[in-house]
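Trainee: Following the hints, put chain B in place on chain A, whose structure we already have.
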Amino acid sequence: MGRKKIVKGLLTLVTIVLFLLTIFPFFVVLINSAKASLEIITDPIAFPAKWSQLFTNIKTIWTNPSVKYASSVYYSAIITAFSLILIAVTSAMAAWVLVRRKSRSSTIIFLIFISGLIIPFQVVMFPLVSLFRNIYEVTGIRMLRTVHGMIFAYIGFGAPLAVFMFHGFIKSIPFELEEAALIDGCSKPQIFFKIILPILKPIFVTISILNAIWIWNDFLLPSLILGVGQEVQTIPLAIRAFAGSFVKQWDLIMTAVLMAAFPIIIGFIIGQKHIIKGMVSGSIK
Amino acid sequence: MAKVSISNLNKKYPNGFHAVKDVTLDISDKEFMILVGPSGCGKTTTLRMIAGLEDITSGEMRIGDMLVNEVSPKDRNIAMVFQNYALYPHMSVYDNMAFGLKLKKTPKAEIDERINKAARILDIESLLKRKPKQLSGGQRQRVALGRAIVRKPEVFLMDEPLSNLDAKLRVQMRAELIKLHNDLQTTFIYVTHDQTEAMTMGTRICVMNSGVVQQVADPRTIYNKPANLFVAGFIGAPQMNFFPGKVIEGSMVEVESQTFKLNDELKEAVKAKSKANAEVTVGIRPEDIRLGNESEGILAKVEVTELLGSDLNVYFKIGQRNYILKTEASRGIKIGDDIYPVFNSDKIHLFDTETESSLLY
Numbered sequence: 001m002g003r004k005k006i007v008k009g010l011l012t013l014v015t016i017v018l019f020l021l022t023i024f025p026f027f028v029v030l031i032n033s034a035k036a037s038l039e040i041i042t043d044p045i046a047f048p049a050k051w052s053q054l055f056t057n058i059k060t061i062w063t064n065p066s067v068k069y070a071s072s073v074y075y076s077a078i079i080t081a082f083s084l085i086l087i088a089v090t091s092a093m094a095a096w097v098l099v100r101r102k103s104r105s106s107t108i109i110f111l112i113f114i115s116g117l118i119i120p121f122q123v124v125m126f127p128l129v130s131l132f133r134n135i136y137e138v139t140g141i142r143m144l145r146t147v148h149g150m151i152f153a154y155i156g157f158g159a160p161l162a163v164f165m166f167h168g169f170i171k172s173i174p175f176e177l178e179e180a181a182l183i184d185g186c187s188k189p190q191i192f193f194k195i196i197l198p199i200l201k202p203i204f205v206t207i208s209i210l211n212a213i214w215i216w217n218d219f220l221l222p223s224l225i226l227g228v229g230q231e232v233q234t235i236p237l238a239i240r241a242f243a244g245s246f247v248k249q250w251d252l253i254m255t256a257v258l259m260a261a262f263p264i265i266i267g268f269i270i271g272q273k274h275i276i277k278g279m280v281s282g283s284i285k
Numbered sequence: 001m002a003k004v005s006i007s008n009l010n011k012k013y014p015n016g017f018h019a020v021k022d023v024t025l026d027i028s029d030k031e032f033m034i035l036v037g038p039s040g041c042g043k044t045t046t047l048r049m050i051a052g053l054e055d056i057t058s059g060e061m062r063i064g065d066m067l068v069n070e071v072s073p074k075d076r077n078i079a080m081v082f083q084n085y086a087l088y089p090h091m092s093v094y095d096n097m098a099f100g101l102k103l104k105k106t107p108k109a110e111i112d113e114r115i116n117k118a119a120r121i122l123d124i125e126s127l128l129k130r131k132p133k134q135l136s137g138g139q140r141q142r143v144a145l146g147r148a149i150v151r152k153p154e155v156f157l158m159d160e161p162l163s164n165l166d167a168k169l170r171v172q173m174r175a176e177l178i179k180l181h182n183d184l185q186t187t188f189i190y191v192t193h194d195q196t197e198a199m200t201m202g203t204r205i206c207v208m209n210s211g212v213v214q215q216v217a218d219p220r221t222i223y224n225k226p227a228n229l230f231v232a233g234f235i236g237a238p239q240m241n242f243f244p245g246k247v248i249e250g251s252m253v254e255v256e257s258q259t260f261k262l263n264d265e266l267k268e269a270v271k272a273k274s275k276a277n278a279e280v281t282v283g284i285r286p287e288d289i290r291l292g293n294e295s296e297g298i299l300a301k302v303e304v305t306e307l308l309g310s311d312l313n314v315y316f317k318i319g320q321r322n323y324i325l326k327t328e329a330s331r332g333i334k335i336g337d338d339i340y341p342v343f344n345s346d347k348i349h350l351f352d353t354e355t356e357s358s359l360l361y
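Chains as they are written, first to last, in my numbering: chain A, 1 to 285; chain B, 1 to 361.
Bound conformation, chain A alone (with noise of 0.2 Å):
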């Protein structure tokens, strides 16, 4: 056998191994999500007696009235989703000032974005509660327990990663591109929109992507600002409501969970040849 052959046979098995790892987690809570309380504390790992567990186990979570899941999914897409255009688009706005003007300011503002990509979040999770309560106090805006509230936070945090890459894709793009534009009769919106906005599509779609997952499921920041329990809750927070003090009812955690990843497992494969695209963009000439 072929040294080449040995490489291969390895790295083969090593992909095996990395993909078993990643699957397992998942395995995991779809098997579980199939079983009742007492069958997962029985054995874990096992397959599930009956399958059809599963569809009761989602039924039992969406009539729960104290968990109230199909308004935590409406509240975790709408929240979502417009978290997601605006950090897109106001980042990839401010990432084609950033470039386009060539000047001190310019880059003092765009080290700050990328400080915020280095400062831990939960350096400044308490201060900002603070700062949303003060918006209030000074101006009567509720930032806490509010939609718009969740929104403006994550595209705080959203921005400084979002800027950061448009601003290199943006680079890459020919300033002649913008002049023919403005001989063709494009307004300076028109040349964002009609133009680089849609060259900017594979890394749109790429942030996208990335802040759908982080967005859709964190628990921290919408336990600060929704707080646990409250009106406005996403499915996270929903989920918590499964897990007691005293008893954790398993099988609806895992369905429940199964029924989250649900929408962000079929939207990654929806868009996978763009996240693909966006993350080689530049590598290659």
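No lab work stands behind these hints, which were simulated from the structure alone. Don't take every hint at face value.
Said to hold, decoys possible - As a list, the in silico DSSO-like pairs of lysine-lysine whose alpha-carbon atoms are at most 27 Å apart:
#1 A/LYS201 <-> B/LYS104
#2 B/LYS131 <-> A/LYS273
#3 A/LYS273 <-> A/LYS194
#4 B/LYS3 <-> B/LYS104
#5 B/LYS12 <-> A/LYS102
#6 B/LYS225 <-> B/LYS271
#7 B/LYS133 <-> A/LYS194
#8 B/LYS117 <-> B/LYS30
#9 B/LYS102 <-> A/LYS194
#10 A/LYS194 <-> B/LYS129
#11 A/LYS102 <-> A/LYS188
#12 B/LYS275 <-> B/LYS246
#13 A/LYS248 <-> A/LYS68
#14 A/LYS188 <-> B/LYS74
#15 A/LYS188 <-> B/LYS102
#16 A/LYS201 <-> B/LYS133
#17 B/LYS326 <-> B/LYS225
#18 B/LYS301 <-> B/LYS347
#19 B/LYS74 <-> A/LYS194
#20 B/LYS12 <-> A/LYS188
#21 B/LYS131 <-> B/LYS108
#22 A/LYS273 <-> B/LYS129
#23 B/LYS225 <-> B/LYS30
#24 A/LYS201 <-> B/LYS102
#25 B/LYS275 <-> B/LYS225
#26 B/LYS117 <-> B/LYS129
#27 B/LYS131 <-> A/LYS171
#28 B/LYS225 <-> B/LYS246
#29 B/LYS108 <-> A/LYS194
#30 A/LYS188 <-> B/LYS133
#31 B/LYS21 <-> B/LYS74
#32 B/LYS117 <-> B/LYS102
#33 A/LYS194 <-> B/LYS104
#34 B/LYS261 <-> B/LYS275
#35 B/LYS74 <-> A/LYS171
#36 B/LYS21 <-> A/LYS102
#37 B/LYS129 <-> B/LYS105
#38 A/LYS102 <-> B/LYS74
#39 A/LYS273 <-> B/LYS133
#40 A/LYS188 <-> B/LYS108
Mentor: Then chain B, alone, in the frame of chain A:
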């Protein structure tokens, strides 16, 4: 259709760099004007100011009779072809060409008609559905031209549009651009650093250096009667030979102990400029030096030869000075050969040593 009048145009950047200095230029309606010069001479900046892509520091710019100093690019009725074509990558060829017209809310039927006509002229009818990345360099160049044509502009501006093409395609496109100019009968302003493009395409050439216009004239005049040392050296390949000389009694010039009779035009110029016994810079083009025999020329040794198909460039030395002559390749000159070059005194150019201007101007 429109003429373009530029008077006392200046461009100074905030960092103090003075890119265009007091340029005055009148471009007639339907003229093919070439702005040529080395990199950094201000030709592209001038073109961009005509397009409205650069602010004018001072001076006046008129397209037709309209003062356009403060007019936005879209309202100048111009079209521009960029060096890198600047085609919108996410749009098809058709959409690239239609984009400007759609913004102007041109009716769909008229857009179709204009695009089909332009596509026919440029032979890109089969490419209309393709994206720019699916096109070759030459095809992209045609699409960029098509995008300009459909706008029916009063002035076409072109910023080195052939410089990204290979040598063969460049020659082909050069001819097509000349034909296009004849067909469209519109004012063309074309920027290039390539003197061959300038000489072959332009009805007039504006030679620039360091932001200053050196000479504006038709190609023949630029070549045969360059206004100064810079134009004489820049236009023509290989470049003109220069060497110091002295005018003797207004009728001859002495170079390296050889004397040459001046033609009547130069005699008059010398007289008019009171340079009857002055030190001058003498210039002669390589093709105006021929290979003579022992009794005619001075002995020189060939240092380098360049074969250019039918022509041969011969680099030789007389004394400490280097010269180039151009002869037929069939002469079979080799490195190390002894030759007897003879200067054609009728074709000599004389330049003032101080001002570097030709004595003819």
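Trainee: Which of the numbered hints are not met once you compare them with the structure shown?
Mentor: none
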